[in-house]
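Chain by chain, the residues:
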Amino acid sequence: MAHYYDIDEIIVEEELVSAVFQKAANGVGILDPSAETNSVEQGSKVELPFWLAHELLQRQAVTINVPACFNQKTRKEIQADAPCVDLRSRCPYFYELGCKLAPLVGDRTIGSLLLQAFLSRYKEVLSKAHTAASTPVPKVLTILTKEETNLYETAQSSMAAFKKWRMGGPRFQRASVLGRKRKPTD
Amino acid sequence: MAGQSDPHISLFSAQEVEFLGEDEMVEIVPNMRMDPLNLICGDFGPFRPQIATQVPLWLAVALKKRGKCTIRPPEWMSVEKLTQVLEAERNSLREFQPLPFHYVEIARLLSDHARDDIPDVYMVRSLIEDIRDVRFHKVETGLETIHERTHAVKLKNLSAMEANIVRPFVVRALQAFYKHDSPEMIPQPDTTAIRRRQAADRGPKRDRRY
Numbered sequence: 792m793a794h795y796y797d798i799d800e801i802i803v804e805e806e807l808v809s810a811v812f813q814k815a816a817n818g819v820g821i822l823d824p825s826a827e828t829n830s831v832e833q834g835s836k837v838e839l840p841f842w843l844a845h846e847l848l849q850r851q852a853v854t855i856n857v858p859a860c861f862n863q864k865t866r867k868e869i870q871a872d873a874p875c876v877d878l879r880s881r882c883p884y885f886y887e888l889g890c891k892l893a894p895l896v897g898d899r900t901i902g903s904l905l906l907q908a909f910l911s912r913y914k915e916v917l918s919k920a921h922t923a924a925s926t927p928v929p930k931v932l933t934i935l936t937k938e939e940t941n942l943y944e945t946a947q948s949s950m951a952a953f954k955k956w957r958m959g960g961p962r963f964q965r966a967s968v969l970g971r972k973r974k975p976t977d
Numbered sequence: 005m006a007g008q009s010d011p012h013i014s015l016f017s018a019q020e021v022e023f024l025g026e027d028e029m030v031e032i033v034p035n036m037r038m039d040p041l042n043l044i045c046g047d048f049g050p051f052r053p054q055i056a057t058q059v060p061l062w063l064a065v066a067l068k069k070r071g072k073c074t075i076r077p078p079e080w081m082s083v084e085k086l087t088q089v090l091e092a093e094r095n096s097l098r099e100f101q102p103l104p105f106h107y108v109e110i111a112r113l114l115s116d117h118a119r120d121d122i123p124d125v126y127m128v129r130s131l132i133e134d135i136r137d138v139r140f141h142k143v144e145t146g147l148e149t150i151h152e153r154t155h156a157v158k159l160k161n162l163s164a165m166e167a168n169i170v171r172p173f174v175v176r177a178l179q180a181f182y183k184h185d186s187p188e189m190i191p192q193p194d195t196t197a198i199r200r201r202q203a204a205d206r207g208p209k210r211d212r213r214y
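Residue numbers (our numbering), protein chains in the order written: chain A, 792 to 977; chain B, 5 to 214.
Treat the hints as calculated values from the structure; they're not laboratory data. On a predicted model such as this, the values are computed, not experimentally measured, just so you know. Glycine included, C-beta positions come from ideal geometry on N, C-alpha and C. Any given hint could be a false lead.
To be verified - Simulated DEER-style distance windows between Cβ atoms: (1) B/41 x A/958: 26 to 34 angstroms; (2) B/23 x A/838: 24 to 32 angstroms; (3) B/42 x A/802: 51 to 59 angstroms.
Said to hold, decoys possible - Below, computed lysine-lysine pairings styled on DSBU-like, alpha-carbon distance capped at 30 angstroms: (4) A/937 x A/955; (5) A/867 x A/891; (6) B/158 x A/955; (7) A/864 x B/183; (8) B/160 x A/867; (9) A/937 x B/158; (10) A/955 x B/183; (11) B/142 x A/937; (12) A/954 x B/142; (13) A/954 x B/68; (14) B/85 x B/72; (15) A/867 x A/814; (16) B/68 x A/914; (17) A/891 x A/914; (18) A/914 x B/142.
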């Protein structure tokens with residue numbers, strides 16, 4: 792369970808997925824905005840966070856539908872021109888959510904969709920990552936998911952560190968605690 | 005994966021790689037007389053004026069700063085040799101030329117501290133920069149070709165500093181590719197459920213990119 796404390800994993804599981812209740816549930820009417828009483832009817836469709844839907848699925852209380860970010864429209868866009876698809880506005884955790892959903896939903900094509908999308912976007916990320924100047928933020932940065940942004944920032948920061956080293960500068964830096972003069976106590 | 009959200013996954017900073025590079029031996033010509041130095045890493049023999057000795061780079065730089073020696077540049081650091089290397093790098097599109105492992109660090113230290121000991125120091129410095137650019141560009145083009153099923157990436161003759169720059173990116177990218185390509189994600193022809201951990205014994209299909 793090394794992922795239990797990982798912040799990104801926790802945030803991924805907050806993403807909403809749509810689920811259809813198989814049994815009626817009492818006392819949780821807050822989940823369904825259209826419920827009159829404080830309960831959810833069988834067969835009603837609600838948006839649940841992933842961690843809740845996952846647990847309920849294991850108890851066979853809901854079935855999960857594929858969320859909107861994996862629908863046909865997105866798929867077509869990815870097949871057409873993957874590096875330009877704005878995945879961040881759809882779902883900033885596109886890949887992670889897909890990885891978690893794939894065994895649950897029973898849709899076998901999610902895996903290859905993710906792979907194909909990642910492969911073509913990876914080339915774009917790579918070409919921009921190491922060489923782009925830091926000040927004008929390239930447009931591609933705004934459409935990357937969190938995972939791709941990590942990759943990009945990693946390359947950027949290591950390149951920036953190298954450049955800074957190359958510029959030279961003092962080998963030893965004065966420790967910050969020594970900076971201030973102590974007031975003479977008298 | 006734990007640590008996935010940390011962008012500072014590189015294990016060595018540039019200063020640390022430089023520190024490791026200072027262990028390389030260079031030749032100095034001392035201008036004073038000193039007894040042998042018995043250090044943990046070795047004994048560096050009696051220093052007599054005008055007799056060349058081999059010492060580690062850190063010791064050479066320290067002596068140079070005190071004005072006690074002149075550093076002789078290593079033999080790969082001449083204008084002719086570097087021009088040859090640059091030509092060879094430009095001609096071969098995939099391979100890297102053999103260069104000392106720490107050439108970037110050695111070149112920087114020597115040009116900072118021993119500028120007057122190197123003939124044509126500006127030419128040497130610009131040649132090394134060019135070589136570095138060409139090699140890094142090759143690394144990038146090489147990385148574009150990795151795809152799924154790549155278990156390892158092998159880059160021959162890569163130097164320490166270059167490896168340090170690309171290390172976090174390559175590690176992350178390979179992790180991501182592995183995660184997306186595990187057998188759970190891509191349905192296999194046989195329908196038996198395969199656990200993710202057993203992807204290691206996937207057979208001898210090892211795909212290496214040179």
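- Which hint numbers doesn't this structure obey? Numbers 2, 8, 10, 15, 16 - these are the hints that the structure violates, sorted from lowest upward.
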